[in-house]
Every structure is written in structure tokens, then in C-alpha cells.
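Participant: Sequence:
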Amino acid sequence: MSSKYIQNCWCLFICFFFPIYFKRCTNNIEEKNLTIISEFHLCGFSEDPDLQPILFGLFLSMYLVTVLGNLLVILAVISDSHLHTPMYFFLSNLSLADICFISTTVPKMLTNIQTHSRVISYVGCLTQMSLFVIFACMDDLLLTVMAYDRFMAICHPLHYPVIMNLHLCGFLVLVSLLFALFESQLHILIALEFTHLTEVEISNFFCDPIQVLSLSCYDNFSGNMIKYFIGAIYGFLPVLGILLSYYEIVSSILKIPSLSGKYKAFSACGSHLSVVCLFYGTGIGAYLGSAVSSSPKKDVVSSVIYSVVTPMINPFIYSLRNEDIKNALRRLLSRIV
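Following this note's numbering, the numbering of the sequence shown begins with 1271 at its first residue and continues without gaps.
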């Protein structure tokens, strides 16, 4: 199936469901006398041939460490019956989402470095962007769900086993996936009409949704409004939910009379809070910051941090700060050996 055929199908879909948008885009295309492109050029890193082997080795090692670290967390949760609880159920799903998250960008980048090519097809770019949004949103929503789980465990410990049952946990993960798919489709619908005279360059190492949206036929003001709207729905609201959960958590912890009890309660949330700060701090900063001022070098650095470094660090944060995970890993390794 050719990319031109897919583009025509998308255009017909938009024409039927969003006639105002289609008319506006069509008018812009006719006014600028532009043609629909069939490929993009990724140009996020240095073209210096001496740096290519270093970049390849660096990102390959980071990718392998990420996959191995998150797989160990998943295997530890599955193999140890002591970890068959809602908190570790969500953690294993977060690790799976992190593996998929980094796999949408780094393998393609490694292939481009090896082949000395920066070209990605129209269909390939939209596919990469769609998958990237899905798994980034899954991380986003799973962290929010995990905050709710900690809220129930600390603020309502007696009702926790009844409320946070297996059915509710599965339902929350399913809802997170559905919302992630919906956000992905929003990005696809906005980025349907790519137009340029000869070729389009994306100043990043992958089809970053932020930059892909800027290539659509919307003007800068409308594009920024769309970014802020999506950022508010999938950024601000989950952060607000996490902040409200931790407000209640901190209030409940301060009421605990014993110092050891307070420390135990705080330590149960430390790993999750560290991952939340790392993920949201880099992700929202990169997403909304680009709408204010665009700097290719800063965009690449922030993209590397939240799309490569964050999934790599997450399993270490949970394993190093969590005795249950460390004990489960020891038992798993002893069985293997």
C-alpha cells in the first residue's frame, strides 16, 4: 500500500468529518502552491563521521540497559508471589510501556547511523509519531494511576484490598491505553496535510510530535493553541491528579504519631515521586517549552532526556529504593544460576 494512497484516504476522512479544517488546509495549499511530500529528513545529531561510532555505541548501550533493566523488573514481579499487588502490577505495566517507548525511536536512529541515512518515509514518520505518543501517554497515565494507588494504600489502608482489586487495576490500565490511543489519533488528525516545496527537515533524531505538528497547515498561533490544549489535557490534568493525591498522602502521613511510621510511609512513595519528577519535568518542559521558543539543540537534548534517559533510569530508581524488588531480583537470579 503506497504512501500516496494512505494520504488520499486520510484526506477523504478529514473532508467528510472535518470539512472546515479540510477547506482551510486546501486553501492554504492552493495559495502557497505546495505539493504533498512523501518523506522527511531527520537531522538531530552531528554529521561528523568521527562521532557516528561513538553515538552508535552510546545509544545502543543505553537501549540495551533500558530493555534489560525493565525486563528484570517485569520478571521479578511475575516470578515472585509477594509482588502480586496493585502497586507492582502497575509498575510492571510501566516497565513494559518504557520498553515500547524507547523502542519507537532508538532502533530507527541506530539504523540511520549505520546506513548514513536520515530519510524516513511519510507513513513511517506518522507511524513512529503515533507509537511514540501512545507509549508516552501510557507512561503519563500510569504514573497518575500509581499515585492514586499510593493514595488509597496510605489514606484508606483498611479499604485498600477491597477497592484496589484485580478487576479495577485491569480496568485502569485499559482506560489508560484507550486514552493514549485517543491522543495518538488527535496528533495524526492534526498532522495530516504535510506540505513543502521539495523536502521537509525535522531537527530531531525521530519524528517528534512537537515538530511534526509545526509542519501542518496551521499557522503558528493555532499550532501553539493546539499544543497548549493537548498539553493541558494530557499534562496538566494528570499532574493535578498526582498533586492532589500527594496532598492527601502528606496530610495523612503527618498524622502518624511514630517517626518510624512516617518514614515507612514516605519511603513507599519515594520511588514513584522521583520518577514523576523526572518524567514530567523533562516531558512537559520539552513539549510546552518548544511552543514558546524553538531551539534545535535544546529540543534534541530534552528529547534524549525524556525519551531515552528516563526509561533507562526508571527501573534503577525502583530497584535501588525498593527492598521488595531487590529481594525478588536476588531470588530470581538464584533460580537462574
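Honestly, the hints are just simulated from the structure, not real lab data.
Using N, Cα and C, we set each Cβ at its ideal position, and we do this for glycine too.
The reader is advised that the hints may include incorrect statements.
[Stated by the list, open to error] DEER-style ranges, computed between Cβ atoms:
1) S1604 to E1309: 48 to 56 angstroms
2) H1386 to S1351: 46 to 54 angstroms
3) Q1455 to L1380: 23 to 31 angstroms
4) L1529 to P1431: 55 to 63 angstroms
5) L1321 to L1513: 38 to 46 angstroms
6) H1352 to F1326: 38 to 46 angstroms
7) S1387 to S1521: 18 to 26 angstroms
8) V1579 to S1522: 31 to 39 angstroms
9) S1528 to L1321: 53 to 61 angstroms
10) S1604 to H1429: 35 to 43 angstroms
Participant: Now tell me if each hint is right for this structure.
Facilitator: Hint by hint, here is what the structure shows:
no.: 1; hint: S1604 to E1309: 48 to 56 angstroms; verdict: holds, 51 angstroms
no.: 2; hint: H1386 to S1351: 46 to 54 angstroms; verdict: holds, 50 angstroms
no.: 3; hint: Q1455 to L1380: 23 to 31 angstroms; verdict: holds, 28 angstroms
no.: 4; hint: L1529 to P1431: 55 to 63 angstroms; verdict: violated, 27 angstroms
no.: 5; hint: L1321 to L1513: 38 to 46 angstroms; verdict: holds, 41 angstroms
no.: 6; hint: H1352 to F1326: 38 to 46 angstroms; verdict: holds, 40 angstroms
no.: 7; hint: S1387 to S1521: 18 to 26 angstroms; verdict: violated, 55 angstroms
no.: 8; hint: V1579 to S1522: 31 to 39 angstroms; verdict: holds, 33 angstroms
no.: 9; hint: S1528 to L1321: 53 to 61 angstroms; verdict: holds, 55 angstroms
no.: 10; hint: S1604 to H1429: 35 to 43 angstroms; verdict: holds, 36 angstroms
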